[in-house]
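Q: So you can see what is in the structure, the chains are spelled out below.
Protein chains: 2
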Amino acid sequence: MGWPAAQAQTKPSRVPRSERQAPVPAAGPRVNKADSIAIRTIFDEALLRGQSYENLRYLTGKIGARLSGSPQAQQAVEWGRLTMEKAGFDKVYLQEVMVPHWVRGAKEKGQIIGEKGKGIDVAVCALGSSIGTNGKLKAGVVEVTSFDELARLPEDKVKGKFVFFNRPFDDRLIEPGMAYGGAVEQRGRGAIEAARRGGVGALVRSMTSARDDNPHTGNMRYDEAVPKVPAAALSTLAADKLSLLLKANPGLEFELEMSCQNLPEEKSYNVVGELIGSKFPNEIITVGGHLDSWDLAQGAHDDGTGCVQSIEALRLLKAAGLRPERTLRAVLFMNEENGVRGGNKYAELAREKKENHLAAMESDGGAFTPRGFNVEASPAVVKQLQRWAPLFRPYHASDIKAGHAGTDIEPLQKAVQPKALIGYDGDSQRYFDLHHSALDTFDQVHRRELELGGANMAAMLYLLSKYGL
Amino acid sequence: MGWPAAQAQTKPSRVPRSERQAPVPAAGPRVNKADSIAIRTIFDEALLRGQSYENLRYLTGKIGARLSGSPQAQQAVEWGRLTMEKAGFDKVYLQEVMVPHWVRGAKEKGQIIGEKGKGIDVAVCALGSSIGTNGKLKAGVVEVTSFDELARLPEDKVKGKFVFFNRPFDDRLIEPGMAYGGAVEQRGRGAIEAARRGGVGALVRSMTSARDDNPHTGNMRYDEAVPKVPAAALSTLAADKLSLLLKANPGLEFELEMSCQNLPEEKSYNVVGELIGSKFPNEIITVGGHLDSWDLAQGAHDDGTGCVQSIEALRLLKAAGLRPERTLRAVLFMNEENGVRGGNKYAELAREKKENHLAAMESDGGAFTPRGFNVEASPAVVKQLQRWAPLFRPYHASDIKAGHAGTDIEPLQKAVQPKALIGYDGDSQRYFDLHHSALDTFDQVHRRELELGGANMAAMLYLLSKYGL
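Keeping their order, the protein sequence lines are chains S and B. With UniProt numbering, letter number 89 in the first sequence gets 89, and the count goes up by one each step, no holes. With UniProt numbering, letter number 95 in the second sequence gets 95, and the count goes up by one each step, no holes.
Here chain S stands alone, though its shape is the one from the complex (with noise of 0.2 Å):
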């Protein structure tokens, strides 16, 4: 690419009018040129000064994974505390929760076994909170794209076999997440359906467009009302492998061994920073990201970045010299990924010490590219945080709509009341290609993505601190 030399500054100490300062909006008086200023003051200690990347590197890198229960998990708490005490919060605290506490074990393997008895590897893991299989599972197969279709089936076609559920995401959906809110329930609930019609397990396609061999986990769940069967998801290949050799010999077995297990509950925490508001103490607007990770990575988009985002977006205010007039709370919670124990939690201590809270944002859809903010509120909220649009357009995070802000922020709506939920978003067609698979991993981050998300999450904290709702 050759870029034209027009564009050349000839001072390339100054940042060009057109970044320095974006139009006002034409909201009225709610906002102004100042408020303009600065944001690009915060953007300047993000691009320059930012922290957010070497803090997400010590915790993918030092620590890694952390699953709830785990030392990693435990490690990550503190470190938590240590990062928001060095970032100079005024109050940095811990919130006691107990938590799940599943472990995937040694053992984890996949056959299909072809007609002359001979097995051939294919990429499986256990997902989480799955019961494992015992020494080794082997039956036969069926291979179901729906719920209904399942439904449909004779007994004897289920009865005693793996249920292979093979739904794809839809490709032709822009946005990979309806894709995976198309398919996700095969997983969540793959299991359950599979034991009502009498099957002994259920195999899951991974929740990804892309087609490798990385198998992804995420949550399953159990209905007391039937039996209990181990679930594993397949690599995308596998499932594609499976799938033609079951169209040639559908009388082939699948076996399965896995070790996971549930252990008793551990105890854990949230990690809590707070900047106390200069004018509104008592008004208290949350940020957050999820501290806990699946066991596959390094948890680093889901949600390393939404964590030390969080921690950035409050840094990079103090560091401003921008004040604020509410009380901005930074807050790790424990345990999304299985059980949203932290969110409950926190939802929960909101409620009995009857705090104020204005509003809570959560990033944890990862770290790309900036695109806006997803809001539940009010349409009259909606439209009022839209009218602050025109000062995220230079930071590409202008697209402000209704939508879902978070899981963990969630719990909120019905504690407390806050007037909106607010969800950082970027870019996601990258997101599902790593989601719970192995390939989470710090070298998937972007350093500038990460800052400007962080950059435009403290823009969002600084007017809500300063106008409220």
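No wet-lab data here; the hints were simulated from the structure. Be aware that one or more of the hints could be misleading.
Unchecked claim - Heads up, simulated DMTMM-like pairs for lysine to aspartate or glutamate below, C-alpha to C-alpha not over 25 Å straight-line:
no., chain 1, residue 1, chain 2, residue 2
1, B, Lys401, S, Glu449
2, S, Lys318, B, Asp171
3, S, Lys401, B, Glu175
4, S, Lys318, S, Glu78
5, B, Lys241, S, Glu54
6, B, Lys33, S, Asp399
7, B, Lys138, B, Asp240
8, B, Lys401, S, Asp399
9, B, Lys62, S, Asp212
Claimed, not checked - Selected chain S positions facing chain B (Cβ under 7 Å, derived; list incomplete):
no., residue
10, Asp44
11, Asp171
12, Thr369
13, Tyr395
14, His446
15, Arg448
16, Glu449
As the list claims (entries may be wrong) - A few chain B positions that, by computed beta-carbon distances, are all more than 10 Å from chain S:
no., residue
17, Ala34
18, Tyr58
19, Lys62
Positions of the beta carbon are idealized from the N, C-alpha and C atoms, including for glycine.
For this one, chain S is given, so just place chain B on it according to the hints.
A: Same frame as chain S, now just chain B:
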């Protein structure tokens, strides 16, 4: 991340309404619901049966780097012709053009010579078009961050030395292309400015914000009025190291050895494919990328992606049954990187044949997730294109604004005055990490991001072809 169950689609075979049909813009009768549906059809074809990704795999993997004049560039011409023929275009042909032929040669080595004469290897690469060093070239080093600073230095501080241009990207700029524009004159004119003051060579900090050991090449120029001196890029880490060591020891020397050379010009080609317009066959809309690439990697994002997207854009319209009313011409331009001979030849032939060019589009900014289009046109034409923005909103390409369109189509402006030059614009945060370096490889390209880009380009061609300008 836990996406809400509420997002699940119970009928995954249906694209949700919000994605099926974009709001029709308020511009009146010029676009309608049929356009929205036609564009959705284009995206279905791209996302379900797209061919651009596999085409790119072949071009980058089987042919690879293809600098003008190289055997690989000639193979790429053949590949382009065959790929267009296979796509069933109405006409496929070549346009002959003479191109520069620069070769890197086998020797390429840079060393910082410390106080005791010990050499420290650092990552360097010759800049394109540079002369070689004719053996080893050892000299002192003077560091500057601007041409102004160089001009102010006394003669004896520069004479006989390497001039080390070490102005970094301005990381505060949100658009990396702006940071590139603010730094790239060092690469383009560094050797001229160094030689003008008696310097023996130019050492240039690589054009990237990334901190790593990959030197980034790119073209440089000479001026007949001053001696030609060799020019090399240092990786950003090498530049940081050289700068640090110079502070401790301003008398240190640098030793450069490069066997690059400029060979006689070679015959090469643009590759052109057409879909003939059904109503206005003489009104031409061009879409293209450049077929040549730098020699350090595979030329994936720069600009293999623009080539396969341009071919794909026409193929999508054909496959979707959307026969264009005006003639669409996909062009793979030769020699963008070090001469723009292909772009100039294309414009020259258009003028000679008195062709009627309505508009021209280029994709040469990498195939990252879509943003929109950059337009060079009259304000009225820019406004007309902006009225189509709602049709692009569901596909993340609604940011339609004035801006640089593309180097290869630029000569058309003077030659035949098309009403608009349009640059397809993807996100650019990651682009300059790879650009002109060994990292510009196929694995850095995301299938869906590539496909979404080609489909957005096809949608724009569909509207231009239907409505004119």
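Q: Each hint should be assessed against the structure and marked as holding or not.
A: Hint check:
no., hint, result
1, B:Lys401 / S:Glu449, "22 Å, holds"
2, S:Lys318 / B:Asp171, "21 Å, holds"
3, S:Lys401 / B:Glu175, "24 Å, holds"
4, S:Lys318 / S:Glu78, "22 Å, holds"
5, B:Lys241 / S:Glu54, "21 Å, holds"
6, B:Lys33 / S:Asp399, "23 Å, holds"
7, B:Lys138 / B:Asp240, "20 Å, holds"
8, B:Lys401 / S:Asp399, "17 Å, holds"
9, B:Lys62 / S:Asp212, "21 Å, holds"
10, Asp44, "5 Å, holds"
11, Asp171, "5 Å, holds"
12, Thr369, "5 Å, holds"
13, Tyr395, "6 Å, holds"
14, His446, "6 Å, holds"
15, Arg448, "5 Å, holds"
16, Glu449, "5 Å, holds"
17, Ala34, "19 Å, holds"
18, Tyr58, "17 Å, holds"
19, Lys62, "20 Å, holds"
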